[in-house]
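Participant: Residues per chain are reported as follows:
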Amino acid sequence: MKSLEIGRPIPRVDAYSKTTGQERYAADYYGENLVWAGVKRAGIAHALIKDIHIDDAKTLPGVISILTHKDIQGSNRQGMIRKDQPVLADNKVNHCGDAVALVLAEDKASLHKALDLITLDLEPLPGIFDPEKAIGEGAPLVHEGHPQGNVLFKGVLETGDIEIGFKECHAVVEACFELPHQEHAYLETEAGWAILKENGQLKIVVSTQSPFRDRSEVAEALGINVEKVRIIAPYCGGAFGGKDGVTVQTLLGLAVFHCPGRPIKMWWDREESFLASPKRHPARLYYRLGVKPDGALHALDVRFYYDTGPYDHLGGAVMALGLEHACGPYRISNVSLKGFCVYTNSPIGGAFRGFGVPQVTAAMEQMMDMMATQLGLSPFEIRKRNAIRCGDKNPIGISVTGSTGFEECLKTLEEHYLWKKRNEWKSKAGPFKKRGVGIASVMHGMGYGPVVPDFANAKIELTREGKFRVFSGVVDIGQGNASTYLQIAGAILNQDMAHMELVLPDTESALPSGSASASRTTSTFGNALIGAAQSLKHRVLQRAAIYFMAKEIKEVDLIPGGVNHFTTGKEIPLSEMFHILDDSEKVAAYTFTAPTAKENPTEDQNLRLHGVPHLIFSYGVHLCYVEVDELTGNIEVKRYLAVSDCGRIINPQTFEQQIHGGIAQGIGYALCEEFIVKEGRVRTPDLATYIIPTALDVPEMDSIPLESYEPTGPFGLKGAGEISIDGPLPAIANAVADACGVRLFRSPFTPERVLKALKERENREFEH
Amino acid sequence: MKRVFLPHNLEELWRIIAGEPKADIYAGGTDLLVKLRQNLINTPSLICLERIEELKGVHEQGDEVMIGACSTHTSLLENPIIQRNFPVLTKALNVLASPLIRNMGTIGGNICTASPAADTLPLLYVLKAEVEIRSRSASRQMALKEFILGPGITCLKAGEIVSGIWVKKVPGFNLHHFEKVGQRKALAIAIVSLATLFKISGEEMVEDVRLAWGSVAPTVVTSNEIEAMLVGHRLSRQVLKKAAPIARAIVKPIDDIRASADYRRQVAENLLIRLGSVQK
Amino acid sequence: MKINFVLNGKGRVLNAPSDRRVIDFLREDLGLTGTKESCGAGECGVCTILVDGESRLSCLMFAAQLEGRNVLTIEGLASEETLHPMQEAFVQFGAVQCGFCTPGMILSALDLLKRNPHPTRTEIREGLSGNLCRCTGYQKIVDAVEATACKKEKGPPL
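Those sequence lines, one after another, are chains A, B and C.
Under the numbering used here, read the first sequence as residues 1 to 768, first letter to last.
Under the numbering used here, read the second sequence as residues 769 to 1048, first letter to last.
Under the numbering used here, read the third sequence as residues 1049 to 1206, first letter to last.
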C-alpha cells in the first residue's frame, strides 16, 4: 500500500464503515434498560411563565420523572459568549422553541403521551420579530435589564471619511437586501445518549461540534464538577454550525441524575429540530456604494441588522464576521460599516456555515454588478480594477498579508471556457427561456480572531500493534478532517493507512482543540499534528538509531510498519519499537496556536473579542449559468464553476467535497430554502415544507483550486469549509439580472418573486 | 397500539372490514402513515391492501384499459400498455414525488386521498377516467370527476374501496403534454399543473383538445370554453393568449405556504401559453 | 404478531406489534442501526431498504407488511470479505461525507441500476431524487453510481 502523501486524493477512512452501516452516530446509541428523554416546548414566542402543570403527566404509567427549572442546581444558563439561554425556562418564554419541561419515560409512546399532558400557564407578552423595529422606540424587550435594550451587539468599523468620499464620487448605487433564516437540515438531527456511572462520572455521547466547550457548559449550567463530565463525539451526520454549542447535552446532563446507572437517549425528531435549533441569521442590509470615474471604489456606507432571536448563541460573532467581510475583497478608500445584532422573539440565530458572511457577500457582490452596469463596465472589469492584493490596506484599514490569490482567481475564471463561451450559450435559449451568466467574488477569514484563543492540542502514540494512533481533538462533522489528519500524520511518519489509527474526540483521551468550525478544523489541528508527529518521529528514530548502532540519526528512517537502517538495510518492526520505548516516549503532544492579526482596526474591545480582525483569508470567484423560465419564473442553475484560493490542497478529493457541498447549500439558500416565520412561529416545520435541493436541483459543478501556498498553514493549507457557500446567491442574482434585466433584492428567489419582478419590469417598459 | 391487517384477497378483505368497521384502509401508506405521524388518525385498526393481486395490474379490453387501483406508480411507469396508450400518464408519474414514493404509492391511493394537488388527477380527468367501486355485495362505476367532491372528499362510502380505474384509449390524440410547477424538480407538491391532450391534423390544426388544471381549485378544473376556442385553429400565440384570460377566470386558487393565489392564477394562464411551443 | 420473513439472506421468525414501524423494528428491536431516520415522513429517503429487491421507505411501513418478504438492509450488502461494487465505488469516488444519507442512497442506487443498467447522469439523478443529501451536492454520488454501472476500474477519480 502506498504511503499517505500530501496532495493525493486518498479516499476517506470513514467511508468504508459508513457505506456498510457499521459506523455509529450519536443517534444510533440505544442499550438495555434505556430511558427515553423528551422536552416540552413553549409553543408561544414571548410570555411569562405562571405555572407548569406536570402532575397529570407524572402519574402516567411509563413515566419515570418530569423535571423543570426547579430541579436545576447550577446557573441554568448556557451560551458560548453570553450565557443567556436557560436549559429549562424559568420565569419567561422567549421563543416558541424554549424548553420548559423534561420528561423521562420507559418508552417512546409514554414519553409522547406525557408531553401531550403537560400544560403551561403562560401570560402572553407582546413579541418583537423585526430587528430594525426591535431597536426602535417602545419595542418590547426580550431581556429586561439588558443594558443596550434589544441590541445584543453593535459593531462599527470606519476608515477615511465617507461624507467627503461620496461627494467625490462619479456614480453612486444604493440598495436594500433582505435574506431569511436558513435551516441547516442536517440529516442526523440533534441526538445524544448519556449515563451516570457508579463512580459519579457523567458520560455523554453526542452529535456535537464542540465536545470540550460542551463539557464546561454542562458543568456550569447544572452545577456539576467539570472533571466528572466526559463527552464523546462520534462522526456527526452533518452539523454545518447547528451543533456548535449545546443542544441535548445539558438536558441529558440533568436527566442522568434522576435515573442513575441507566442509559438515557434523547433524539429530536425533525419537527423539534426545526423548532428549537439555531438558524442562519435573517438579515436586512442597506448598502450605498460610490465610485470614481475610472471605476475605483471610493466610498461604501453599510448598515445591517442581523436578527439573532432571543439568545446570543454566537450571534455577536456572526455579526462581527459579517461586518469584517462587508466590503468584499476590494480596495475602498472610505468606508462606514455599522452592524447590529438584535434580540427578537424569532427562532434563535446562530452559527451556520458562512457565519454571517453569506449575507454581506449577497449584498456587496450584487452592488458590484449594479455599479458595473451603471458604468458600462463588465462584471470582471470592475472587480479586477479594485481587487485586493497582498500588501494593500484592506477597507477596514488592516494590511493584507499572507497568501492572497484573489486576482489570480479572477484571471483563471476569465480564461475558462465557461466564461469565454458564455454568449454562445446564452444565445441558444429556447422559447420562453432567458439565459444569463453571473459571477461573484468570495473571501472568508479563518479562525476565531485576535482574542479568543484559537489553539489545538494534538496527541499521537505508538501502539502495541505497531501503529500510530492519532487522538483527534476536533470533531469530524462530515468534512473529512479525521482522514486528513491521518494523511498529515501518515505523510510525516511515512506510514500507510494500515499502520495508522484514529480515535475520534473523547474528552477523556483527546486534548482540548477547539470547535469544528470557523474553517479552522484542518489548519489549526493540522499544524498541531505536524508538531506532534515530528516529535514522536524524532523520538522513535533516536532510539532506533541507538538500537542499530548508527552513527547518526540520518541513517535511519521510518517506513510503513517499521524503521529502516539505510547503511545495513536492517529493519525493525514498530511493534518491537513499542517494547524498546518507555511509556513516556511512546506518546507525543503538541500545541499549536493560530497566529492572529497584530493590527487593530478598532478601539472597541468587544468587537475584537468577537473576532475582528482575522489574519488569514481564503478567496475565490464563482460563476454560474442560469436559465429563467418567463412563464413560471423558475430559475434553473445549469452549470457552476468555483475557482478557489485555499492554499495548498492536502487531499484534492476532500477539498472538492467541501466546495461541492457549500455550492449546493448556497443554491438552496438562493432559490428554494424559504424558512417562513410569522410572529415567531415556524410555518415551514419540516422537510415537506422547507425545501432543500434534490439531486435534480443541483447542476454539474466544476471546482478549480489555485495551488497557492499559505506559509502559516499545515503544508501551506488555508480553510475551505465555508467559503463556497458565500458565492451562489449573488452569482445567481447577477446571472438572473444578466438574463432578464431584473434584480431581486429579497431572497430566496422563488419562481413567484421572479415572475412578479418580470411583470413589474414589463409594466415599467410599457409605461415608457 | 393499532392492529394492522394484511388481507391476501378480496374475500378476506370483506371479512376483515365487516369485523373492523372503523378501520382505515390504505394501500401504499405514503399518505396514511404521514397523517398518523401528525396524530390525524384515530382509528383502532388499519387494513393494508398491498397483497391483493386482484386489485393490481393493467388489463386491455378492446378500446378500454382497466388499471388496478393498487397498482403502484412505478408499476404503471414500467407497464407497456400505459406507455403505449397514455404517454400523458407516464409524464405525470415521472414527476410524482420520488422513486421511493412511486414504488409504494398507488394510483387508487392518489385518487382517494383526493388532494387538490394530486399529480394523477389532471390527466385522469383529460382521459375521462371512470372509477370502479366495490364493496362486499356490490360494484358500481362512475366518472372520476363525479367521484371527487372536494379536497380529501370522495363518494366512497363505508365498506367500499376503489378497485379499478377505467380509461378509454385515445388513439386520435397525438400530442400528450403535462407540466407541473413545483418548488423543486422532485419531491414537490404541485403548485400548478396542466394536463393536455391534442389531436393535431397534418396542417397543424387542432381538431380536438382536452385540458385539465391541477392545484388551482378544490378539485381539478376543466374548460369546455377554452377547448372550443382552440379547436379549428393552430396553436399560435395569439389563439392561446386569447384563451388565457378565461383560464385566469375559471381557476379558484388559494394562498398557501407554497404560493399565492395570484401566482397560481398567472401561471395557470401561462402554462396554456406554453402549449404553443410544445413538441409532438 | 409473528412475522416470517427473510432478512439479509437469513430466514427469520420474529415477534413484533403489527403496527411497529419497520424503521423502529430494524433499529431498536434488531439493533440494525445502519438504516437511518431523518424525517419520519417519506421526504428524505434516509430510511430506504430493499423489499423483494425494490427500494422502499421503512418509516412508512408497518412490521406486518414484512410477512413473506425478502428484506435487504445496508448491513446485508457487503459479503464477509468484500464490499459490494456500489459500496466500493462510493468509497473511491468520494461520495461519502457525513455518511448519514449513504446507506439509503446506496440501496436506492441498486434499485435504479436493476431497472436501468446504463443510466445517463440525468437518469441517475432522477433515480436518486428521493434521497436527500446535505453534504455532497450529489455530484460525486452520481460519479460513483455511473462508475458502478459502467463497471469502471476502481481508482482515484481525479
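Keep in mind that the hints were calculated from the coordinates and are not lab data.
Just so you know, these numbers come straight off a predicted model, no measurement behind them.
There may be inaccurate statements among the hints.
Estimated spans, in silico, between C-beta atoms of each pair [said to hold, decoys possible]: (1) A:GLY430 <-> B:GLU972: 17 to 27 Å; (2) B:ILE1022 <-> A:GLU762: 43 to 53 Å; (3) B:GLU832 <-> A:GLU424: 17 to 27 Å; (4) B:LYS803 <-> A:TRP419: 45 to 55 Å; (5) A:LYS197 <-> B:ASN777: 53 to 63 Å.
Positions of the beta carbon are idealized from the N, C-alpha and C atoms, including for glycine.
Participant: Hints first: check each against the structure and report whether it holds.
Facilitator: To see whether the hints hold, each was checked on the structure:
1. Judged by the Cβ atoms, the range 17 to 27 Å given for GLY430 (chain A) and GLU972 (chain B) holds: they are separated by roughly 19 Å.
2. A hinted range of 43 to 53 Å for the beta carbons of ILE1022 (chain B) and GLU762 (chain A) is inconsistent with their spacing of about 26 Å.
3. Restraint check, GLU832 (chain B) to GLU424 (chain A): a C-beta distance of roughly 51 Å breaks the suggested window 17 to 27 Å.
4. Between LYS803 (chain B) and TRP419 (chain A) the Cβ separation comes to about 51 Å, which falls inside the hinted range of 45 to 55 Å.
5. Separation of LYS197 (chain A) from ASN777 (chain B) is about 56 Å and conforms to the stated range, judged on CB atoms against 53 to 63 Å.
Going down the numbered hints, you'll see the structure goes against 2 and 3, while the others check out.
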